[in-house]
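A.B. asks: Here is how the chains run, residue by residue.
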Amino acid sequence: MNWLPEGGRLVAALPDWIGQLVTVFGVLIVVLSVAAGLIWYERRLLALVQDRYGPNRVGPAGLLQVLADTFKILFKEDWVPPFADRRVFVVAPSIVFATALLSFMVVPVAEGIVVADIDVGLLFVLAMSSLAVYSVVLAGWASRSKYSLVGGLRAAAQMVSYEVFMGLSLVGVVTMAGSFDLTRIVEAQRGLWYVVPQFVGFVVFVVAGLAETRRLPFDLVEAESELVAGFHTEYSGMKFGMFFVGEYIAVTLVSALIATLFFGGWLGPWLPGVMWFLIKTGVFITFFVVARGTFPRPRYDQLMALGWKVMLPVSLVNLLVTGAIVVAGQ
Amino acid sequence: MHSPQPRDPSAQPSRTHPPLTADVVTTGRLARRGQSLAPRIYRTVVSTLQALGIVIGHAFHSRDTVQYPDEMVYLPPRYRGRIVLSRDPHGAERCVACYLCAVACPVDCIALQATQDETGRRYPAWFRINFSRCIFCGFCEDACPTYAIQLTPDVEMCEYERPNMVYEKEDLLIAGTGKYHDYDFYRVAGQAVGGKDKGAAEREAPPVDLHDLLP
Numbered sequence: 000m001n002w003l004p005e006g007g008r009l010v011a012a013l014p015d016w017i018g019q020l021v022t023v024f025g026v027l028i029v030v031l032s033v034a035a036g037l038i039w040y041e042r043r044l045l046a047l048v049q050d051r052y053g054p055n056r057v058g059p060a061g062l063l064q065v066l067a068d069t070f071k072i073l074f075k076e077d078w079v080p081p082f083a084d085r086r087v088f089v090v091a092p093s094i095v096f097a098t099a100l101l102s103f104m105v106v107p108v109a110e111g112i113v114v115a116d117i118d119v120g121l122l123f124v125l126a127m128s129s130l131a132v133y134s135v136v137l138a139g140w141a142s143r144s145k146y147s148l149v150g151g152l153r154a155a156a157q158m159v160s161y162e163v164f165m166g167l168s169l170v171g172v173v174t175m176a177g178s179f180d181l182t183r184i185v186e187a188q189r190g191l192w193y194v195v196p197q198f199v200g201f202v203v204f205v206v207a208g209l210a211e212t213r214r215l216p217f218d219l220v221e222a223e224s225e226l227v228a229g230f231h232t233e234y235s236g237m238k239f240g241m242f243f244v245g246e247y248i249a250v251t252l253v254s255a256l257i258a259t260l261f262f263g264g265w266l267g268p269w270l271p272g273v274m275w276f277l278i279k280t281g282v283f284i285t286f287f288v289v290a291r292g293t294f295p296r297p298r299y300d301q302l303m304a305l306g307w308k309v310m311l312p313v314s315l316v317n318l319l320v321t322g323a324i325v326v327a328g329q
Numbered sequence: 000m001h002s003p004q005p006r007d008p009s010a011q012p013s014r015t016h017p018p019l020t021a022d023v024v025t026t027g028r029l030a031r032r033g034q035s036l037a038p039r040i041y042r043t044v045v046s047t048l049q050a051l052g053i054v055i056g057h058a059f060h061s062r063d064t065v066q067y068p069d070e071m072v073y074l075p076p077r078y079r080g081r082i083v084l085s086r087d088p089h090g091a092e093r094c095v096a097c098y099l100c101a102v103a104c105p106v107d108c109i110a111l112q113a114t115q116d117e118t119g120r121r122y123p124a125w126f127r128i129n130f131s132r133c134i135f136c137g138f139c140e141d142a143c144p145t146y147a148i149q150l151t152p153d154v155e156m157c158e159y160e161r162p163n164m165v166y167e168k169e170d171l172l173i174a175g176t177g178k179y180h181d182y183d184f185y186r187v188a189g190q191a192v193g194g195k196d197k198g199a200a201e202r203e204a205p206p207v208d209l210h211d212l213l214p
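Line by line, the protein sequences give chains A and B.
In terms of numbering that gives the first Met the number 0, the first sequence opens at residue 0 and continues consecutively.
In terms of numbering that gives the first Met the number 0, the second sequence opens at residue 0 and continues consecutively.
No lab work stands behind these hints, which were simulated from the structure alone.
Cβ atoms here follow ideal geometry from the backbone N, Cα and C, with glycine treated the same way.
Keep in mind that a hint or two might mislead.
Stated by the list, open to error - Label pairs and their calculated CB-CB ranges:
#1 B:Ile40 <-> A:Pro271: 39 to 47 Å
#2 B:Gln49 <-> A:Arg51: 54 to 62 Å
#3 A:Arg298 <-> B:Gly33: 19 to 27 Å
#4 B:Pro162 <-> A:Asp77: 39 to 47 Å
#5 B:Asn163 <-> A:Val87: 35 to 43 Å
#6 A:Phe70 <-> B:Arg132: 35 to 43 Å
#7 B:Thr20 <-> A:Trp78: 33 to 41 Å
#8 A:Leu45 <-> B:Gln49: 17 to 25 Å
#9 B:Arg28 <-> A:Pro268: 51 to 59 Å
Assemble the whole structure, with the sequences as input and the hints as a guide.
C.D. replies: Set out below in structure tokens:
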């Protein structure tokens, strides 16, 4: 398989499965490193826009803060509430982790480099995000406490509603590219990035992505000042850490998807494809972090009203117009 | 009786006649201006971009944090920090052991014992302040008639053992005059002590001779 676009003979002699193994481990390690590094990045960047320093004592520029936090959380007491449903309680945090990591299978990081080139890659990603709803529902239900239950209910309703137009906004992209395959979608953007013709879809997808990952301004269900801590009230120690890092992996995933679907993925001059992909993903991760520092939190009914009364009609109209133009062009 | 005309929401209230209530309510068609879809979308987008602009603009401001202990935060000269016992401009200690500071202290952290030297001048035999109780209110400084006890802008006095936070007189006494450089109590008081008779203080006239008929 080719690693360089011009067909370098560097790895042409090795069997295919070595290349695939390297790709798998490469994507896994990079994603986990980015998600862990996001802990540091978010705290420093939020502090930068808030006229203060973030953690800058532990290690150079505070980089070892991640390590310190990890050690601290690993050594915490692993406590399951006696009134909780034990097996479900323990399983719930790993679901968001697992689904987000699985979604990275289909994201193309460079030309021809993708862990699994599935024909229905985009559908697979949407299916994985639907499965992620289970984590909050099961966490809220298995905790058997009032705050968790209400938080879990709100989270489930929020995520399920925003998923509707997350899918719909992407159908415009699929129509224009003619395929659900993410590599084909990136290839189809060689002429013009889809953010230009599908700007409305892009905005809707960003809002839906914020809501799916439960980031501000849609973090009502887990914010510290709301409902104690929402569905993860009863979680402590490594299970809480898994929710936390799982959320960062989901943020990385949504940023990578925005870059892939609307901003041309790994396309770009001079630099190798991987660099462009990382740069674009980094820009959107930065946007997610800055959005956290900017927007006030809407009330839950305002959040649901925004979803159903504004986002859904907008995405349907976008779909209508895109479909009409594509059909008329044929 | 006609109803009052609704105020135009875009009209500025006059400076001499501000609205009588905090919330000015408009009704009717004037109230519905700017509430339809396009103006609301415009306002939402503009306010979102303004908010993002303000927040990102803050990335270019300098940070307000003082990196203690590498940098020290500014403490003004009258900051109520560590307590000291000062001396007068001639080098003798100012404290006359009048117990006023111990009485004024709201948490009773000052203890002392008065004694007299051979010239008749009072001074504390021992003087103890328990800084684990002290609330740094400054009442002792306000009560002191000789400007002996003063609060200085020094706050770095942490200890690991609680008994180390009880300061004795040798820990409290300083070599200088503290914040008040010229005041010398015994030079203005009327008390007759070693080195000064009655009537020899500053701005004091000598005592009148009762048995003399002359003015």
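A.B. asks: Each of the hints needs a verdict: does it hold here or not?
C.D. replies: For each hint, the structure was consulted:
For the pair B:Ile40 and A:Pro271, the supplied restraint of 39 to 47 Å holds, since their beta-carbon distance comes to about 40 Å. Hint check: B:Gln49 to A:Arg51, Cβ distance near 22 Å, so the stated range 54 to 62 Å is violated. In this structure, A:Arg298 and B:Gly33 meet the distance hint of 19 to 27 Å, their C-beta atoms being roughly 23 Å apart. Take B:Pro162 and A:Asp77: their Cβ atoms lie about 41 Å apart, and the range 39 to 47 Å holds.
Against the hinted window of 35 to 43 Å, the Cβ-Cβ separation of B:Asn163 and A:Val87 comes to about 54 Å, which falls outside the hint. In this structure the supplied range 35 to 43 Å holds for A:Phe70 paired with B:Arg132, their Cβ-Cβ distance being about 38 Å. In this structure the hint that B:Thr20 and A:Trp78 lie 33 to 41 Å apart at CB is violated, the actual value being about 54 Å. Here the CB-CB span from A:Leu45 to B:Gln49 is close to 19 Å, well matched to the stated 17 to 25 Å.
Range check, B:Arg28 to A:Pro268: about 56 Å between beta-carbon atoms, so the 51 to 59 Å window is met.
In summary, the structure is inconsistent with hints 2, 5, 7 from the numbered list given earlier, while agreeing with the others.
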